[in-house]
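Colleague: With chain P's structure known, arrange chain W on it following the hints.
Just so you know, the sequences run in chain order P and W.
Position 303 of the first sequence, counting from 1, maps to 303 under our numbering, and the rest follow consecutively.
Position 451 of the second sequence, counting from 1, maps to 451 under our numbering, and the rest follow consecutively.
These are computed hints drawn from the structure, not numbers from a lab.
A virtual CB, placed ideally from N, CA and C, is assigned to each residue, including glycine.
There's no promise every hint is true.
[To be verified] Here are the computed distance ranges between Cβ atoms for each label pair: (1) Pro265/W / Lys238/P: 56 to 64 Å; (2) Asn434/W / Ala18/P: 24 to 32 Å; (3) Ile9/P / Leu489/W: 33 to 41 Å; (4) Ala18/P / Ala458/W: 21 to 29 Å; (5) Cys5/P / Ala232/W: 57 to 65 Å.
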Amino acid sequence: MENICTTSIKDFKMEKPARWCPGCGGHAVLAAIQRALPETGIDKEKIVFVSGIGCSSRFPYYINTYGFHGLHGRGPAIASGIKLANPDLSVWLITGDGDSMAIGGNHFIHLLRRNLDIKILLFNNKIYGLTKGQYSPTTPKGSITKTSPDGTIEDPFLPGELAMGAQGNFFARVVDTDLEMMKEVFIQAARHKGTALIEVLQNCVIFNDDIHAEITSKELRDENQLYLKHGEPMLFGKNKESGLIQEGTRFKVVKVGENGVRKEDILVHNALDHDDTKDYMLVRMTLPDYPIAMGVIRACEFSVFEDLMYRQIDTARMKSKIKSVNDLLTSGNTFSI
Amino acid sequence: MKKRIKVIEREDVVVKFAGDSGDGMQLTGAQFSDSSAFVGNDLATFPDYPAEIRAPQGTVAGVSGFQVHIGHKEVSTPGDLADVLVAMNPAALKANMKWLKPGATIIVDIDNFDSRHYKLAEYIEDPLEDGSLEGYNVVKAPITDMTRDVVKQFGLSPKTADKTKNQFVAGILYWLFNRDLSIGENFLHERFRKNPELIEANLEVLRAGYNYAETIEAIEATYQVKPAEKGAGLYRNITGNVAIAWGLLAAAEKAGRKLFLGSYPITPASEILQELAKMKNLGAIVFQAEDEIAGICSAIGASFAGCLGVSSTSGPGLSLKSEGLGLAVITELPLVVVDVQRGGPSTGLPTKTEQADLLQALYGRHGESQLVVLASSTPANCFDFAFEASRIAIEHMTPVILLSDGYLANGSELWQIPVVKDLPEIKVPLVDDNDTDYEPYRRDPVTLARKWAFPGQAGLRHRIGGLEKADITGEISYDPLNHEKMVGLRNEKIARVAQNIPPQQVMGEVEGELLVVGWGGTYGALYTAVLELQEEGKSISLAQFNYIYPLPANVHEIFGRFQKIIVCELNLGQFVAYLRSMLPGFNYLQFNKVQGLPFLISELKQKFNEVLDSTKK
Chain P
1 MENICTTSIK DFKMEKPARW CPGCGGHAVL AAIQRALPET GIDKEKIVFV
51 SGIGCSSRFP YYINTYGFHG LHGRGPAIAS GIKLANPDLS VWLITGDGDS
101 MAIGGNHFIH LLRRNLDIKI LLFNNKIYGL TKGQYSPTTP KGSITKTSPD
151 GTIEDPFLPG ELAMGAQGNF FARVVDTDLE MMKEVFIQAA RHKGTALIEV
201 LQNCVIFNDD IHAEITSKEL RDENQLYLKH GEPMLFGKNK ESGLIQEGTR
251 FKVVKVGENG VRKEDILVHN ALDHDDTKDY MLVRMTLPDY PIAMGVIRAC
301 EFSVFEDLMY RQIDTARMKS KIKSVNDLLT SGNTFSI
Chain W
1 MKKRIKVIER EDVVVKFAGD SGDGMQLTGA QFSDSSAFVG NDLATFPDYP
51 AEIRAPQGTV AGVSGFQVHI GHKEVSTPGD LADVLVAMNP AALKANMKWL
101 KPGATIIVDI DNFDSRHYKL AEYIEDPLED GSLEGYNVVK APITDMTRDV
151 VKQFGLSPKT ADKTKNQFVA GILYWLFNRD LSIGENFLHE RFRKNPELIE
201 ANLEVLRAGY NYAETIEAIE ATYQVKPAEK GAGLYRNITG NVAIAWGLLA
251 AAEKAGRKLF LGSYPITPAS EILQELAKMK NLGAIVFQAE DEIAGICSAI
301 GASFAGCLGV SSTSGPGLSL KSEGLGLAVI TELPLVVVDV QRGGPSTGLP
351 TKTEQADLLQ ALYGRHGESQ LVVLASSTPA NCFDFAFEAS RIAIEHMTPV
401 ILLSDGYLAN GSELWQIPVV KDLPEIKVPL VDDNDTDYEP YRRDPVTLAR
451 KWAFPGQAGL RHRIGGLEKA DITGEISYDP LNHEKMVGLR NEKIARVAQN
501 IPPQQVMGEV EGELLVVGWG GTYGALYTAV LELQEEGKSI SLAQFNYIYP
551 LPANVHEIFG RFQKIIVCEL NLGQFVAYLR SMLPGFNYLQ FNKVQGLPFL
601 ISELKQKFNE VLDSTKK
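Only chain P is shown next, with the shape it has when bound in the complex (with noise of 0.2 Å):
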């Protein structure tokens, strides 16, 4: 992946067009894919699209690529193994809630812990969209669905808590209704050595419409997402009024210029810092008090599986005078007759 390639967006473009609903939130990532690949300069022959089962798993018929559509939830472990027999690839990995969270969960939380270089794109739109519309492990709690007809009486998963949890190393989240966003970090997350993942609050407009309306819509989308930008100060807001500090072991909302507050008070966003108590707390904030936190809010490079993996594979190869099959075969006790 150390040649840049030169590819376009035509060179990801499927001829017939995605079958996902009019006015799907997927539409919009698969287009931020589209125009994100070309600028990471991977070789279009070297990239590979994983998924499991659920709409946003039909992702890899939909663009020129290699592509594997796999089953519920063992998306991971398809993905690993990819990633292992040629660590060259670049190894994408389209997901949903359902997919990821529930059938999925143990296969997502090991490939975050292992750290294998691949890119993990959660579609979380927080219903079951191709079974038509039961709750999934990221629905709000009393959310009125067809499997919970008096309301969940569960706790949703926040996506982001549980990767880190898992030792995830890069989280972002961004929204579907922002495609520069969307590119931006897509492309960050490709030059990151290591498992990232993205989360895409995506909107489901046929069993789960606006259910991120709060912090999509045009009228509070400034109000209600914080954008951050490794070493830029944590601002938010129409014209960047609003901004976090630290107060004891809490993040504040404060606006600059009141109470004294000057800009240089606000936090510095640092996705690099090995400690992951800040990130934490930024993907746990939620409406109203907070804004929800978007872009990249972890991005550590630790050591990668298959890079020490290969390593082990090339010292016992160079150090082993058994050098063949037939070299085992006939190593060790043998008795000749």
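Modeller: Just chain W now, kept in the frame of chain P:
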């Protein structure tokens, strides 16, 4: 002065080592096996251990055993009954009494035959004195006391000192079998290479055991088992699990693909994972997955990317892999799943053997999802069938289930080492970069296999997955007629594997009164039973199946040449049910056993004689 002793020449001898899990009987057994192989005996071994790591000491449930069958004649099983039993405590004696030949030699560690151990073994009376051992040649050896005396000089901890007891036993056996002690000494040098401080103590104890046996009067005769008349060549003692691991490596090397194993530890298959984890020197990519499902799914991913993808497991794991197998069927990728069968259902008998996963292997998936099923039948041919499973998987672009079992997995036999270049070629259906004719589901006209293009190859970008494929293009298709066509093509592809496998063999005359039919790991016992009856002049032959689905093309013809057919298997009748559906029109008798134990040659012979006698009436 040396005592005068008789030397009894034997065609074969069975030795059973038994003691507490911590007594080192597995090690002594392995040492004795290796030294037997060294002097050229044919051999087969079988360990028999409790499911618990350290079951309660001194109890019958906690007895760990290792049986070795050595022969001048051909040896095909670890033997029904033992000629020599080493019992390190009363529980070991109790557990093995019914597996002794009349007049067998029993060597006991007399230091453990006390009231406390009798109570633990639930003996009411002293078995050494109550007459129950009459007719046996009992050697009461003070193994524990003498070992402690010998190792005193080395200043070992009492625990470490007692661990050398097994070498006292080994010493006795070396003398009893007229073996050169230096073979045992070399074994110890090798064994304790990384703990040289233990070598001297173990060597001294080994010699002390040997001298003890030579001195006492209790052993009146020694055994002589001449070298086996095997073909000249290089041999090694190998277990089924190691043979599977090596067969997979050989296939990957031969095919020029990397080997990828994605597995989750499970008894009795874990040794395959462990063995390949040591094989990074040969480039094996071994991924210990978070569960059985991730094991097979990672292997499918690796296979998509161009590796020989393999997942190893046992029954409960095969259940979890069902969905993954279906994915490999529809994506038409090469994949080998090794199922080392154990007693089921559920957790069942994890350390015991059984053949009850056959129907699951054949039919245990939703949808029309035929795949190839093979079964290995001896510890050594686990190598051949791991290779063969890989060859078929790659050449026919299909998942293959290889059935082994706990008996083959842990049992060992002497194996003539093959030369890799003499193994069959594996024709990999590769695609050239930028092949403009490439379509993911275009098929070879003969095998119907599709081609194998890997991510990273230029100009071959394509997408596959679990949804139904349009013929040739591989695009998603919900078209009813296309679905029927694809189901038919996948089915026919597997059926055509029959054209790429050898015909079914028959051991003995190709026609006659009785055809014994078996499959997989029962081969050794069935072979020996049939051979012994043939030597008595009976009209009996054996067809042992390794190719289960598809069946070899000549089976119908074979079955038609016998008056009676009896299908023997370690389950309630799964293969026979399958044969009844595949080859109706024959009357299949059956002989089944579901005790977690292999067949005894004696029970097989008795059954076959009954059937043969009834034929005459």
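Colleague: Return holds or violated for the Cβ distance of Asn434/W and Ala18/P against the range 24 to 32 Å.
Modeller: 27 Å, holds
Colleague: So the hint says 33 to 41 Å: do the beta-carbon atoms of Ile9/P and Leu489/W match that?
Modeller: 37 Å, holds
Colleague: Evaluate the given range 57 to 65 Å for the C-beta pair formed by Cys5/P and Ala232/W.
Modeller: 58 Å, holds
Colleague: Do the Cβ positions of Ala18/P and Ala458/W conform to the proposed distance bound of 21 to 29 Å?
Modeller: Roughly 25 Å apart at Cβ, these two residues keep to the hinted range, so it holds.
Colleague: At the C-beta level, are Pro265/W and Lys238/P separated by a distance inside 56 to 64 Å?
Modeller: With Cβ atoms ~57 Å apart, the hint holds.
The structure meets every hint from the earlier list without exception.
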